[in-house]
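Novice: Following the hints, position chains B and C against chain A.
As you go down the protein sequences, you meet chains A, B and C in turn.
So the first sequence is numbered by our numbering: it starts at 806 and just counts up by one.
So the second sequence is numbered by our numbering: it starts at 806 and just counts up by one.
So the third sequence is numbered by our numbering: it starts at 806 and just counts up by one.
Simulated from the structure, these hints should not be mistaken for lab results.
The structure displayed is predicted, hence computed values, not measured ones.
By construction, the Cβ of each residue, glycine as well, lies at the ideal position given by its N, Cα and C atoms.
A couple of the hints might just be wrong.
As the list claims (entries may be wrong) - Chain A is nowhere near these chain B residues, computed Cβ spacing over 12 angstroms in every case:
#1 Glu835
#2 Asn902
#3 Ser933
#4 Val1031
#5 Ser1059
#6 Ser1136
#7 Asn1143
#8 Gly1195
#9 Asn1286
Said to hold, decoys possible - Far from chain B by the CB rule (all over 12 angstroms, computed), these chain C residues:
#10 Pro919
#11 Ser975
#12 Lys1021
#13 Glu1047
#14 Pro1180
#15 Cys1204
Claimed, not checked - In silico lysine-lysine, DSS-like type, Cα no more than 25 angstroms apart, as pairs:
#16 A:Lys1021 - B:Lys1053
#17 B:Lys1021 - C:Lys1174
#18 A:Lys1174 - A:Lys1289
#19 C:Lys1194 - C:Lys1048
#20 B:Lys1194 - B:Lys1289
#21 B:Lys1053 - B:Lys1021
#22 A:Lys1174 - A:Lys1194
#23 B:Lys1174 - B:Lys1194
#24 C:Lys1021 - C:Lys1053
#25 C:Lys1021 - A:Lys1174
#26 C:Lys1021 - C:Lys1048
#27 C:Lys1174 - C:Lys1289
#28 C:Lys1021 - A:Lys1289
#29 B:Lys1289 - A:Lys1021
#30 C:Lys1289 - B:Lys1021
#31 A:Lys1194 - A:Lys1289
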Amino acid sequence: MAKLLALSLSFCFLLFSSCFALREQSQQNECQLERINALEPDNRIESEGGLIETWNPNNRQFRCARVALSRATLQRNALRRPYYSNAPQEIYIQQGNGYFGMVFPGCPETHEEPQQSEQGEGRRYRDSHQKVNRFREGDIIAVPTGIAFWMYNDQDTPVIAISLTDTGSSNNQLDQMPRRFYLAGNQEQEFLRYQHQQGGKQEQDNDGNNIFSGFKRDFLEDAFNVNRHIVDRLQGRNEDEEKGAIVKVKGGLSIIAPPERQARHERGSRQEEDEDEKEERQPSHHKSRRDEDEDDKEKRHSQKGQSRRQGDNGLEETVCTAKLRANIGSSPSPDIYNPQAGRIKTVTSLDLPVLRWLKLSAEHGSLHKNAMFVPHYNLNANSVIYALKGRARLQVVNCNGNTVFDGELEAGRALTVPQNYAVAAKSLSERFTYVAFKTDDRASIARLAGTSSVIDDLPLDVVAATFNMQRNEARQLKSNNPFKFLVPPRQSEMRASA
Amino acid sequence: MAKLLALSLSFCFLLFSSCFALREQSQQNECQLERINALEPDNRIESEGGLIETWNPNNRQFRCARVALSRATLQRNALRRPYYSNAPQEIYIQQGNGYFGMVFPGCPETHEEPQQSEQGEGRRYRDSHQKVNRFREGDIIAVPTGIAFWMYNDQDTPVIAISLTDTGSSNNQLDQMPRRFYLAGNQEQEFLRYQHQQGGKQEQDNDGNNIFSGFKRDFLEDAFNVNRHIVDRLQGRNEDEEKGAIVKVKGGLSIIAPPERQARHERGSRQEEDEDEKEERQPSHHKSRRDEDEDDKEKRHSQKGQSRRQGDNGLEETVCTAKLRANIGSSPSPDIYNPQAGRIKTVTSLDLPVLRWLKLSAEHGSLHKNAMFVPHYNLNANSVIYALKGRARLQVVNCNGNTVFDGELEAGRALTVPQNYAVAAKSLSERFTYVAFKTDDRASIARLAGTSSVIDDLPLDVVAATFNMQRNEARQLKSNNPFKFLVPPRQSEMRASA
Amino acid sequence: MAKLLALSLSFCFLLFSSCFALREQSQQNECQLERINALEPDNRIESEGGLIETWNPNNRQFRCARVALSRATLQRNALRRPYYSNAPQEIYIQQGNGYFGMVFPGCPETHEEPQQSEQGEGRRYRDSHQKVNRFREGDIIAVPTGIAFWMYNDQDTPVIAISLTDTGSSNNQLDQMPRRFYLAGNQEQEFLRYQHQQGGKQEQDNDGNNIFSGFKRDFLEDAFNVNRHIVDRLQGRNEDEEKGAIVKVKGGLSIIAPPERQARHERGSRQEEDEDEKEERQPSHHKSRRDEDEDDKEKRHSQKGQSRRQGDNGLEETVCTAKLRANIGSSPSPDIYNPQAGRIKTVTSLDLPVLRWLKLSAEHGSLHKNAMFVPHYNLNANSVIYALKGRARLQVVNCNGNTVFDGELEAGRALTVPQNYAVAAKSLSERFTYVAFKTDDRASIARLAGTSSVIDDLPLDVVAATFNMQRNEARQLKSNNPFKFLVPPRQSEMRASA
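For reference, chain A alone in the conformation it holds in the complex (with noise of 0.2 angstroms):
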């Protein structure tokens, strides 16, 4: 991880105009941070599939970070509703195994149903849309602002998504308050509750709450060429129950996607990882019915050709096919390893380049009980960790020395450390696994204890004449620690038997 965080900090320079911090600062005193909590959602909001459990982001902690934070249950054949953000979102898939699509606009329709359809209704009616892809446990997602995302679950596990928005990002130029522009439905979007002065609610005359609910009717008409009746389901009316933002799908959806490889997914060896990564960047245009293999072939050969043409004015392919996910949960190749002490990997806009247009990166680590992650802090991010598994003793440090947090961080729960805050932590339990969100595409961390640490790097004499005291003291801060990021228990065990 030095070398990676040497690699970051000098591509960062060399590409320069990219290693700027883009994010706006908080309002004054926003970060004059006292206490920090470990929190858990304080609202709860459920749909006929799943549930969406938020985050006040009006929280003093969130405030100073200036992100928001929500965590979605899709039970099984459950769809999210697509809607879109007015910040960019990355989301860590804590559990479960799906499919998720993001409508770029402009880009082309790339998934197409075959020639002979086999739906009854609609023999001449060949679907196409953007492409779709298959999301795994450990995957963050990246959503940038104003891309419409949807997901469902295919699978018996449910799945949970933790979504990290980044509302202080440049790329919203509207307020702080996150906003979800829902393209159906009549739920109301998760974050409403918690804006002030909101109060214009009672005044409105439609039953809807999506973004075609407040259009007149004869608009939808004419801009969709439909009836009435299409135009009440668009905007929300009539609609039977409250479904609320993630439905149930019966008897499935059915999805065009490449088959065979579908299974592998959910076992997630690292060779497995490469293919999904290879697949990704090859356009194919599959449906997922097992019984037409041949056809597939046939197409997947014609349409490459397509696609190489498409790629002939070095365009298309890239925002259309970017790859908006990779894996960083329990990895057989983690950026950082001990096999006494645990293991980290990260995310940054050099492995997924679309984060650079997010300017948000991730970190995913594993604790072994007692072990311990150094003291450090974070060079050019705020950072949000959400603890999924287990349960640690964190201790956060401000500019003046003080303790703002010193407490357990257990599993469910968020804490904010805001950039160049000191911290670290203790794993409670066998294991204690987490994913840390931090708003910068290259956040770098300044480990403080342990090899190659800030300590280490100073001078001898420094170091001796900074803590004031002798030179074979400042040695042993220098040395005494052989390692860089993780301490193994044993370590500690063998100081506490000292």
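Specialist: The following block gives chains B and C in isolation, referenced to the frame of chain A:
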């Protein structure tokens, strides 16, 4: 335009560092707009040679979008005195033709009087100055932060220029207030009256209001090495009468500019536009006197040689010779065109690279009676729509599904459509034309209806499940409207008669 | 400088993405300054080895410019203990010489002790650390956000260092308050007293104020694998007396640095400066002991080989070996020079690329008695002028033509000139010298008088019409002052005697 958007998005991705919106955010809750209004200017300042009208920048919709709007009218032979602003400006020429100039510090004075001056006074003094440009109806002019700008109407038709000042730009390091720094005159800068807690006006003892007024006389006498009488003129003292920001030039300005092509400018055929562009890329240095054609031709040749030499270092040809205007008025080569519905033309930083510096772009649209612009939203920009001709019905919807505007926008009024808010329009006049200023240099829109819209790009089954409808209904939503942007009136009439 | 500006502007245009000011904006109305003052530091914190003086960052002119200013004085053998900030810093060395270091996480420890250590303690321990740099009077030192920085005075002359912290930088993701995170000691960070609603201090039970103080002892014992006594030192407990941010090093620091060239540093001829630069580009790893020259030479060779290998990947040679200082003090090669008037030298990201990361630049000027800097404004930056020697009369004018400052600026005081405000200066001393910190890495100025000024670059007829004057008067305005930046006193004296 789908192509165009794809291109825009993809390019953005290729160049990465340039696709982050670099604007600032609005203050907390500034954008919780429950009502937006179509606004007329609310203030009017008469000048000797014309008038300047302003919209109150403290109006909530402008505070949310962080822009200021104004409209200047210049009579024949009127000169808008040079001024600069603390934020980038995009000016649309609603009517008229004339000259404009900007002073780029450090750029050479490339327009020179010929050797044999015929002016009585100053036989040996040969004037030289930086490039002067011609503008015509339909032009967008890009004025960077801090660059002194002037314009002049040499025709009979009054010039009407709409200016958007993007105070939310990160090029503005001061606060949100739009500021004009006048180089001359004693008129109040047009946005001064909107300043809160200003009040300092009374205690001032200087007569003028320009940037020289505040200096002591001796400083200016030394700095310019001129006498007190000239300094008084400089400071706007003893100005015979209150002339204001726009002055009348007796006998007209004599400007060093190439002679022949001017006449053609006013016709506006595509061919001429191309010539415009060619012309602008070739520095030309000619006096606008018809009798100097022969001198001119020689001069042009010698100076082109010089300019090629300058170009050798690869530097001066950039900002010093950058194109500062582009025509988007009822263009013969629109980006979107439907003979029954209308046309749209945009200018982004791909067409006019200087816009990348300003982080602004613009769109000009023209709709036939009852033609419709389908519901859509701006992905990455706020938009200020100014109606040029006719009137239309517009609807704007926020993230809660509330109608924040449902009314008429008529010529001369402006409407702000915040980022991500959905909007649709239907023309109520034979020809409704508008210009939309957008706060990103590659503003992208996402259409919500019609071919290749967000709905159309979703899988059929996702549409059906999302809107809780049958597949054949979803198919209608996806495919019934075969148009992409503009829906011809026939379409709507057909529906009405059905 | 006209060339320089053209070059700067043009380059900016070529590289596009780098020319947007990436700073944040001031709060609403924060910049409606009717009066600016020349300010002295208003607080003073004594340390064992020197003192730190601060200007109140809540002063309106600093709040508008979004910067914080401080001044550190280090006595002989004084070490400023390592600290990092939540915003980039530009430090100007007003007086003295010494060493400084920064720790870049992930960069290698390139300075190593030779094999045969002569230190009694730790025969086998060979110290190594990151690069150490020498500074001298007139240097600008660039300290990125979050990077730990220390400095040390090894000479008799006290070191005086002026530091601008750009809290408005988008690299600062916290609020506007400047923050120092000390690695050691129990002193209060110097800007703490300016925090509003702080008050949390009382309830703290830890003795120290550094970033280790807030961790529990057991965490640090584990993280460093050291005993409680050393941890107490680390946390700043039991410090014999209050030493403060600057400590005295008994017997002086022994730093691993190349031996011979140091002495020359203090003379400061251009030739030496060039050598400085060469030196800095060649990593050199030598102990500063005169008797090790032979060892050194061999070592240098072997290590250069290594560094070349590192360079092969094109990465480590960038941020890890980046130049972090440039000399702009009374330089023998000024950018602007007039033997009768004075000299000006600037440093931008073109000279010192790391400044592109910080988005800051600086200017050093020296004016002879009665020489004048013509009225001008900063196009794209706020400027904080700190007077180093002598005194001058300055005038600053805002957009309403009001004089916001007309007074003396004397050595030791600072004056903020906001973006686009006009400013002019006349020296009242034999030699008035200043340093101006600017909040853009390619800060450009536009001159309002003299050759190639904004006025001179306008067409003659535009000048005449703008200022309502005769052509021959306009000609005088354009051409009477033949100087570009600095007007020699003769000029003004001639006028006075006229």
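Novice: Look at each hint and say if it fits the structure.
Specialist: Hints, one by one, checked against the model:
At the 12 angstroms boundary, the C-beta of B:Glu835 falls inside the reach of chain A, the nearest C-beta of that chain being 5 angstroms off. Annotated as non-interface, B:Asn902 keeps its C-beta farther than 12 angstroms from every C-beta of chain A; the closest such distance is 34 angstroms. Every beta carbon of chain A lies more than 12 angstroms from that of B:Ser933, the smallest distance being close to 36 angstroms; the non-interface claim holds. For B:Val1031, the requirement that its beta carbon stay farther than 12 angstroms from each beta carbon of chain A is met, with the minimum near 44 angstroms.
With a least CB separation of 44 angstroms from chain A, B:Ser1059 remains clear of the 12 angstroms interface cut-off, as annotated. Distance check on B:Ser1136: its Cβ is at least 21 angstroms (rounded) from any Cβ of chain A, clearing the 12 angstroms threshold; non-interface status holds. Look at B:Asn1143: its CB is around 14 angstroms from the nearest CB on chain A, clear of 12 angstroms, so calling it non-interface holds up. With a cut of 12 angstroms on Cβ distances, B:Gly1195 stays outside the contact zone with chain A, its closest approach being about 18 angstroms.
Not every CB of chain A is more than 12 angstroms from the CB of B:Asn1286 (nearest about 4 angstroms), against its label as outside the interface. In this structure C:Pro919 is separated from chain B by more than 12 angstroms, as the shortest Cβ-Cβ distance comes to about 44 angstroms. The non-interface label for C:Ser975 is inconsistent with chain B: the shortest C-beta to C-beta separation is roughly 8 angstroms, within 12 angstroms. The beta carbon of C:Lys1021 is kept farther than 12 angstroms from every beta carbon of chain B, the shortest such distance being approximately 36 angstroms.
Consistency note on C:Glu1047: stated as away from chain B, and its beta-carbon is indeed over 12 angstroms from all of that chain's, at 39 angstroms minimum. Once the 12 angstroms rule is applied to beta carbons, C:Pro1180 is inconsistent with being away from chain B; the minimum gap is 6 angstroms. Non-interface call for C:Cys1204 relative to chain B: violated, since the shortest CB-CB distance, roughly 4 angstroms, does not exceed 12 angstroms. A hinted pair counts as satisfied when its Cα atoms are at most 25 angstroms apart, and A:Lys1021 with B:Lys1053 does not qualify at roughly 50 angstroms.
This hinted pair checks out: B:Lys1021 and C:Lys1174 have alpha carbons roughly 19 angstroms apart, not beyond 25 angstroms. Only pairs whose Cα atoms come within 25 angstroms are accepted, and A:Lys1174 paired with A:Lys1289 is accepted, the gap being roughly 18 angstroms. Between C:Lys1194 and C:Lys1048 the CA atoms are separated by roughly 31 angstroms; this puts the pair beyond 25 angstroms, and the hint is violated. The suggested pairing of B:Lys1194 with B:Lys1289 holds, with an alpha-carbon distance near 24 angstroms, which does not exceed 25 angstroms.
Of the supplied pair hints, the one linking B:Lys1053 and B:Lys1021 is violated, its CA atoms being roughly 28 angstroms apart against a limit of 25 angstroms. Between A:Lys1174 and A:Lys1194 the CA atoms are separated by roughly 12 angstroms; this keeps the pair inside 25 angstroms, and the hint holds. The straight-line distance between the Cα atoms of B:Lys1174 and B:Lys1194 is roughly 12 angstroms, inside the 25 angstroms bound, and the hint therefore holds. For the proposed pair C:Lys1021 and C:Lys1053, the alpha carbon gap of about 28 angstroms is over 25 angstroms, so the pair is violated.
Distance check on the hinted pair: C:Lys1021 and A:Lys1174 sit about 19 angstroms apart at the alpha-carbon level, within 25 angstroms; holds. A hinted pair counts as satisfied when its Cα atoms are at most 25 angstroms apart, and C:Lys1021 with C:Lys1048 qualifies at roughly 23 angstroms. Under the criterion of a C-alpha separation no larger than 25 angstroms, the hint pairing C:Lys1174 with C:Lys1289 is consistent with the structure, at around 18 angstroms. Using a Cα cut-off of 25 angstroms, the hinted pair C:Lys1021 and A:Lys1289 holds, with the two alpha carbons roughly 20 angstroms apart.
Under the criterion of a C-alpha separation no larger than 25 angstroms, the hint pairing B:Lys1289 with A:Lys1021 is consistent with the structure, at around 20 angstroms. About 20 angstroms separates the Cα atoms of C:Lys1289 and B:Lys1021, which keeps this hinted pair within 25 angstroms; it holds. Taking the CA atoms of A:Lys1194 and A:Lys1289, the gap is near 24 angstroms; set against the 25 angstroms cutoff, the hint holds.
Violated hints for the displayed structure, listed by number in ascending order: 1, 9, 11, 14, 15, 16, 19, 21, 24.
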